[in-house]
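Model the full structure from these sequences, guided by the hints.
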Amino acid sequence: VRLIAVEAGGRGPGCTERTADHGASLGQGSDGVLHGALTKILQDPYGQILESYSVAAGLDYPGVGPELAYLAERGRVT
Numbered sequence: 001v002r003l004i005a006v007e008a009g010g011r012g013p014g015c016t017e018r019t020a021d022h023g024a025s026l027g028q029g030s031d032g033v034l035h036g037a038l039t040k041i042l043q044d045p046y047g048q049i050l051e052s053y054s055v056a057a058g059l060d061y062p063g064v065g066p067e068l069a070y071l072a073e074r075g076r077v078t
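Read left to right, the sequence shown gives residues 1 to 78 (my numbering).
Ranges between beta-carbon positions, derived for each pair:
id : residue 1 : residue 2 : range
1  : V1        : D44       : 34 to 44 Å
2  : V6        : P66       : 11 to 21 Å
3  : G12       : T78       : 12 to 22 Å
4  : P13       : E73       : 15 to 25 Å
5  : R2        : P45       : 31 to 41 Å
Hints are computed from structural coordinates only; laboratory data are not their basis.
Positions of the beta carbon are idealized from the N, C-alpha and C atoms, including for glycine.
Structural data, given as structure tokens:
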């Protein structure tokens, strides 16, 4: 079974000090803890959560669920 993940591209892959111009936490995020779960999140070098961006409601979340992060880490999600 082929699994494909799609993330909010927003304004592109750039980040500022406080915000990410996208919602692509799988592709652009790093390992961190959000709501008690170790997952891929958008964060600054100090581990502070970045505000994400998407024009679509609900796609501006700074992280992904731990199951999806695990599948991506294992190469099951492209």
